[in-house]
Amino acid sequence: MKSKIIAVIIGLIIIIPISAQNKISLLETKQVNEYLILRAEQSKIINPMIEQINKILEEDKNIITELKKRFDNGDEPGIFEKISVKRGRDKRAGDIEDLIEEIEDQLSDEQKIKYKEIEKSKLKSLSKEELLGKKN
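In the working numbering, the protein residues as written are 921 to 1056.
Calculated from the structure, these hints are not laboratory results. These numbers come from a predicted model, not from an experiment. Ideal placement from N, C-alpha and C gives every residue a C-beta, glycine not left out. Incorrect hints may have been included.
Mimicking EDC-like on lysine to aspartate or glutamate, the simulated pairs with C-alpha atoms at most 20 Å apart in a straight line are [claimed, not checked]:
no., residue 1, residue 2
1, LYS1006, GLU1017
2, LYS1034, ASP1018
3, LYS950, GLU1024
4, LYS1040, GLU948
Now the in silico label distances, taken between C-beta atoms and shown as ranges [said to hold, decoys possible]:
no., residue 1, residue 2, range
5, ASP1025, ILE1003, 31 to 39 Å
6, GLU1030, PRO997, 46 to 54 Å
7, ILE965, GLU986, 26 to 34 Å
8, ILE999, ASN967, 36 to 44 Å
9, GLU996, ILE965, 39 to 47 Å
10, ASP1029, PHE991, 43 to 51 Å
11, PHE1000, ILE957, 47 to 55 Å
12, SER1045, ARG959, 31 to 39 Å
13, ILE999, LYS1042, 25 to 33 Å
14, ASP1029, GLU996, 45 to 53 Å
15, GLU1030, ASN967, 13 to 21 Å
16, LYS950, LYS1002, 35 to 43 Å
17, SER1028, ILE999, 42 to 50 Å
Let the sequences and hints guide you as you build the complete structure.
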């Protein structure tokens, strides 16, 4: 009896770190398709949505990179430009959230359970510290 308990504990100790390391990102199309066992029809709909999320994240990264360059050169954007950048970021964040929900709507109940385990990328509000590359 004790050996069974020890075997179960050892098994859990081994399995838990392995599952934590194997976290699947929504941005990895092939892994998502395999993990959720998507049908061909689902893949045709979901894969473009994943690509769209990747494009939005890349666009946001490019915008932030350009702003950081400007800050580094001492060219701080004006108040209206800051508002515009913030609104743009908020819109992109909303677009990503909508796409994540649309992807979930395409899934079966079993797939939705697995989908909850997938790491989803989100954009958070933009702070001046992020732009300047400072850490809190």
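Evaluation of the provided hints:
1. LYS1006 / GLU1017: holds (16 Å)
2. LYS1034 / ASP1018: holds (19 Å)
3. LYS950 / GLU1024: holds (17 Å)
4. LYS1040 / GLU948: Status holds; Cα separation ~10 Å.
5. ASP1025 / ILE1003: 31 to 39 Å: This hint holds: roughly 33 Å between Cβ atoms.
6. GLU1030 / PRO997: 46 to 54 Å: holds (48 Å)
7. ILE965 / GLU986: 26 to 34 Å: At 33 Å between Cβs, range holds.
8. ILE999 / ASN967: 36 to 44 Å: Roughly 40 Å apart at Cβ, these two residues keep to the hinted range, so it holds.
9. GLU996 / ILE965: 39 to 47 Å: Roughly 43 Å apart at Cβ, these two residues keep to the hinted range, so it holds.
10. ASP1029 / PHE991: 43 to 51 Å: Check passed, 48 Å falls within 43 to 51 Å.
11. PHE1000 / ILE957: 47 to 55 Å: At roughly 49 Å between Cβ atoms, ILE957 and PHE1000 fall inside 47 to 55 Å, so the hint holds.
12. SER1045 / ARG959: 31 to 39 Å: Once the Cβ atoms are compared, 37 Å apart, the range 31 to 39 Å for ARG959 and SER1045 holds.
13. ILE999 / LYS1042: 25 to 33 Å: holds (26 Å)
14. ASP1029 / GLU996: 45 to 53 Å: holds (50 Å)
15. GLU1030 / ASN967: 13 to 21 Å: The hinted range 13 to 21 Å holds for GLU1030 and ASN967, with Cβ atoms some 20 Å apart.
16. LYS950 / LYS1002: 35 to 43 Å: holds (39 Å)
17. SER1028 / ILE999: 42 to 50 Å: About 48 Å separates the Cβ atoms of SER1028 and ILE999, which means 42 to 50 Å holds.
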